[in-house]
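Q: The primary structure of each chain is shown beneath.
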Amino acid sequence: MGLHVRHTFVAPARRARIAASLATGLGVVSCARPPPEPSGWVRDGCSVQAFSPDLRLGESSRAPVLRVGLPQIVRFRPRDTASGEDERVVFQHVYETLVATDCGNRALPGLAAQWTPSEQGRRWDFALRPGASFSDGTPVDAAAIRASWRRTRVAGVTVDSVVGKNGAGGITIHLAAPGVQEPRAFAHPDLSVRRVPRGSGWPLGTGPYRVASASDDRTVSLHPVRASTEAAAAPRLQFEAVTASRARNLLDLGWEAVLTRDRRVTQYAADIPRLGAVELPWDRTYVLVVPSTSGFGVDPVPAGLLQVLARDAVRAQARPFPGRMELGEHSEARCRVAGPPTVAAFAEAAHPPDPPAPPAPIRRIGYDRDDPTAAGLAARLVALGGGRTAHGEDAPARFLAKALGLENQPDLAAELRALPMSADSLRRLMPAPLGSAPAPPGSPPTPQISPPAPAHAYVIGLPTVVPACVRIPGYHLFPLIMTRLTLIMDRRLGRVLLGPGGLPMFANSIMSGS
Amino acid sequence: MSFRTRLLSGFLLLALLPLAAFAVGLRREITQRLTAEFDRQADLATASMEADLSSQSRMIERRLIALAARVADDDRLRRAILVGPGSPDRAYQLDFASAVMEPAGLSVLQLQDASGRILSSGHFRNEFDRLAPELPDVLGRLTGGATLTTIRTADTSFVALVRMQTLRVSGQPLVLVGGLRVGDQFLASLAPDEAVTVLLELPGAAAAGSDPAAAGSAEAATAAAVTDLPANRVVGRIEFPFAGPGGAEEAQAHFVIRQSLAALTALQRSLSLWFAAGSGLALLGAMLLAAWVSARLSRPLEELSKKTSRLDLDRLDIDFRSSRRDEVGDLSRLLQAMTGRLRASASRLRDAERQATRGEMARQVNHDIKNGLVPIRNVVEHLTQVTQDEPEQLGRVFADRGTTLISGIRYLEDLAANYARLAPKAEPQRIDVNRNIGEIAAAGNLAVRCEVIMEPDLPALHGDPVAFRRILENLISNAREAVGEGGGPVRVRAERVRQDGSDQIRISVEDDGPGLQPEDRDKIFADFFTTRPGGTGLGLSIVRRLVTDMGGRISVHSEPGQGARFTVELPAAEHSAGERVDRSPEPAK
Chain A
1 MGLHVRHTFV APARRARIAA SLATGLGVVS CARPPPEPSG WVRDGCSVQA
51 FSPDLRLGES SRAPVLRVGL PQIVRFRPRD TASGEDERVV FQHVYETLVA
101 TDCGNRALPG LAAQWTPSEQ GRRWDFALRP GASFSDGTPV DAAAIRASWR
151 RTRVAGVTVD SVVGKNGAGG ITIHLAAPGV QEPRAFAHPD LSVRRVPRGS
201 GWPLGTGPYR VASASDDRTV SLHPVRASTE AAAAPRLQFE AVTASRARNL
251 LDLGWEAVLT RDRRVTQYAA DIPRLGAVEL PWDRTYVLVV PSTSGFGVDP
301 VPAGLLQVLA RDAVRAQARP FPGRMELGEH SEARCRVAGP PTVAAFAEAA
351 HPPDPPAPPA PIRRIGYDRD DPTAAGLAAR LVALGGGRTA HGEDAPARFL
401 AKALGLENQP DLAAELRALP MSADSLRRLM PAPLGSAPAP PGSPPTPQIS
451 PPAPAHAYVI GLPTVVPACV RIPGYHLFPL IMTRLTLIMD RRLGRVLLGP
501 GGLPMFANSI MSGS
Chain B
1001 MSFRTRLLSG FLLLALLPLA AFAVGLRREI TQRLTAEFDR QADLATASME
1051 ADLSSQSRMI ERRLIALAAR VADDDRLRRA ILVGPGSPDR AYQLDFASAV
1101 MEPAGLSVLQ LQDASGRILS SGHFRNEFDR LAPELPDVLG RLTGGATLTT
1151 IRTADTSFVA LVRMQTLRVS GQPLVLVGGL RVGDQFLASL APDEAVTVLL
1201 ELPGAAAAGS DPAAAGSAEA ATAAAVTDLP ANRVVGRIEF PFAGPGGAEE
1251 AQAHFVIRQS LAALTALQRS LSLWFAAGSG LALLGAMLLA AWVSARLSRP
1301 LEELSKKTSR LDLDRLDIDF RSSRRDEVGD LSRLLQAMTG RLRASASRLR
1351 DAERQATRGE MARQVNHDIK NGLVPIRNVV EHLTQVTQDE PEQLGRVFAD
1401 RGTTLISGIR YLEDLAANYA RLAPKAEPQR IDVNRNIGEI AAAGNLAVRC
1451 EVIMEPDLPA LHGDPVAFRR ILENLISNAR EAVGEGGGPV RVRAERVRQD
1501 GSDQIRISVE DDGPGLQPED RDKIFADFFT TRPGGTGLGL SIVRRLVTDM
1551 GGRISVHSEP GQGARFTVEL PAAEHSAGER VDRSPEPAK
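Chains A and B, in that order, give the protein sequences. Note that my numbering has the first sequence beginning at 1, numbered continuously upward. Note that my numbering has the second sequence beginning at 1001, numbered continuously upward.
By construction, these hints were calculated from the structure, which means they are not laboratory data. Wrong hints could be hidden among the right ones.
[What the hints assert, rightly or not] Derived contacts from chain A toward chain B, CB cut-off under 7 Å, selection only: (1) 214; (2) 216; (3) 313; (4) 379; (5) 380; (6) 382; (7) 418.
[Unchecked claim] Okay, the calculated beta carbon distance ranges per label pair: (8) A:422 <-> B:1083: 38 to 48 Å; (9) B:1133 <-> A:270: 32 to 42 Å; (10) B:1070 <-> A:272: 21 to 31 Å; (11) B:1091 <-> A:176: 28 to 38 Å; (12) A:422 <-> B:1173: 43 to 53 Å; (13) A:138 <-> B:1185: 55 to 65 Å; (14) A:422 <-> B:1088: 34 to 44 Å; (15) B:1091 <-> A:422: 52 to 62 Å; (16) A:118 <-> B:1088: 35 to 45 Å; (17) B:1083 <-> A:158: 56 to 66 Å; (18) A:158 <-> B:1076: 55 to 65 Å.
We put the CB at the ideal spot given by N, CA and C, even for glycine.
Isolated chain A (complex conformation) (with noise of 0.2 Å):
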């Protein structure tokens, strides 16, 4: 017999509400050591909690609108996943896995209250929660969740059947050999449960929240699901991807929130005292892709440029990536979940057996173009790559110079560009596992990829921890940077919850009374 585990939790009538017990009791990982916070701000597990002498929160109320800023990068489309991180900050009100985790990837109730893995992780009974119901009140049952996932592909989770229970929501799942042995695998958001209306349109989640009306892909307002019980005191939702100097405005017309990565945003907000400014996890790193074929040996990223990276080229708040071994104990265990060793697979695609064409220069440099930190560093890549030594130390146009094939080539070297692009055309020409949704924490890693034409070198950011799980047969990655978001928040917003990866969680928000 093989090893069985059982996972057995008592689910509260509301997630936030365990939430926020477990942020008193539990211990996190990845929130365990945060960062000195700004004044009049405490992060206690997970969540963020006012400090303020005026603030009561038996005299709280709650606002009726909360208006919430995010990074430009952010776009809202009508899809069944979300494309990065920031946009889960606002879909993880809508959409609901049958298995939640905290900010420290631990796994909770989600839309499933119980579950007992049985044969080897092959077989997982799920208990959905009591009255779980899609947002237009259609309950949830196996066939929904069977057709939510019908055209979804999670690696290392594979679906064999969903098949109802005896008695009222029980369902059973079969998964494929070697199936998962942690409940955190059905934690990953492209299993969500979903139902995709008729004609077009947003899809129906069984969240507190449902998409009331998006004008375009910049805006979008959620609104409490009426079945909820808390629905009438909950505040509804009002996001929007905004520029930092429109995060500054957004700012002084007293929106109530705003997400952001840019330093100048926060230290804007420093200055104003309504205002309270609290650093999340890092959560997102900037590798820079490059195809094997064009020469690259296996030179680390010398620490000089990983530094001058993070201190100059960028405006977000970022760090240098430590490197794999940094990661440690923490990441591996992540990516063990269910796949090979990350350090085995980064180490693996780092030497790649048999590159598959000779040796060709990169002349561009991709990146997004609604992404400010990565033109930035594709500028600061370009300068340097440019063939000329900066500032006396010629190691980071020497490491550029061989990593994209430019060495002894000072005229190629003279035309390397920066090239803007759009979400949508980087994420058709990058390879499979990045040009999909990043995976969050805890979600296993890919190693299956399509290699694409080795015309040119990326930056990309990911969720931290992908570049030390993901193998990318024929390309390197080299991580460069890490960001994190800083919320920005009125001081009166008394308690925010973070979600999987540290992510903020608007819905049981409590704002104080003015």
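On the provided structure of chain A, position chain B as indicated by the hints.
A: Below, chain B alone, put in the same frame as chain A:
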């Protein structure tokens, strides 16, 4: 070629030749003046461009001087430069050039230290710390202080006109390099008008080919497109210093001034079009004028021709009188006189004809009487002989030969009656045509059934009513004899027609008889011509004379086997008060 055609052609030549000469000459003169004006504008454009380039260079210099003062006054920037990469104001330093470049109206700006290290770049923010001493070196050597160079950014390259300004911050020498992008907009601003296109030629095709972006791909494409246009010409080239990428490769670039001849061509085309339109209108006018003039000249001749064509011995009443005092009037009067002479000659001819006829008639009378008297004489001599020889047989012989005697006498009586008709006594008066025709048709003594169609209210005739009745009776009698006993009917039609400005009464008598042979039609009205045995050949001859005496004419239309139609046209009488109208016709004799 007709007279009118000749007139028309002559007028056209007369109008077109001077017009064409005027148009060609005027167009040539205008074209020369326009070309000269375009040449003058091209010279002005070249001079203006040189002045504009110099002005742009001075403007860059002024802006760099102002920015240098701002750098010196900026304490955060000063601290960042002095402290170096570890300064807390590092980001401010890196963003400084970006922040001030566009407000200063520049598209290139970078701050460099004495070693050429870029401290802050406005056009390529992340180029900081790169060593680029070449461009300041080149700018320091230039006399005019400005040069063209290729500026590199993160995602593109462009050509810029740059200058340099030195300054000192805390004793540390710094360099501000700034300039303007030499793109389509810049080049277009140099052009004084839309007809002038300014292109930039960078030194060496290799430079442009090796890096199209660096050479200004938009400008290169524009140059190629413009060169392909045949209506463009190079009117000037302005030489300007050029430093290659990074300030290396000092050489000379050229601003090429091309002038579009499209406006000139369009003007010339428009001019030609207007000349063509004017010539066309003039040609049309000339044609209309020539047509009118030639028609005015030839119309009297045509009228004379028409009148002359109607002239006939039976129609000598054509009026050629004219009040014109030109050659046409003279010709008309000559024709009028000739017509008068013809009438006199015709009258004499008729008199001679009458005399001849009388002689002929006398001989015919003599012959006829002799013919009539011969049987009578024979009978009388026979009777005399019988009286002398066999008196008892006289009664029987008389009875036998009496018939011959009576027949001869009747012949003579008929002969006398016919000859009596040859000399009718004319008694002109107004004749009611319808009434006379109606009475003749209703009388029944012609022994033929007549179908009469008469136009109501026909005007009266002026003439001898007896002659008129004889005309009708003879024609109807002739038709009756043509159709034979029991044949018919004979159709009589009377109507009014308008000819030559006067009313005419047209009376036609038509039968369904055997018709006339073609050779008989011309002789049918001759005296003593007859197609019937025993006929005198005088009936239709008398009718023709009676018609002619009444001022009318008679014609016959007949085909063998298809009957015959005799048509008499008589002039209607002009109404005059108190004139007697014949309403009680005399019986025909």
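Q: Indicate, hint by hint, whether the structure satisfies it.
A: These are the hints, each one checked on the structure:
no.	hint	in the structure
1	214	violated, 31 Å
2	216	violated, 26 Å
3	313	holds, 5 Å
4	379	holds, 4 Å
5	380	holds, 4 Å
6	382	holds, 5 Å
7	418	holds, 4 Å
8	A:422 <-> B:1083: 38 to 48 Å	holds, 40 Å
9	B:1133 <-> A:270: 32 to 42 Å	holds, 39 Å
10	B:1070 <-> A:272: 21 to 31 Å	holds, 28 Å
11	B:1091 <-> A:176: 28 to 38 Å	violated, 52 Å
12	A:422 <-> B:1173: 43 to 53 Å	holds, 45 Å
13	A:138 <-> B:1185: 55 to 65 Å	holds, 59 Å
14	A:422 <-> B:1088: 34 to 44 Å	holds, 36 Å
15	B:1091 <-> A:422: 52 to 62 Å	violated, 28 Å
16	A:118 <-> B:1088: 35 to 45 Å	violated, 59 Å
17	B:1083 <-> A:158: 56 to 66 Å	holds, 58 Å
18	A:158 <-> B:1076: 55 to 65 Å	holds, 58 Å
When held up to the earlier numbered hints, the structure conflicts with 1, 2, 11, 15 and 16 and fits the remainder.
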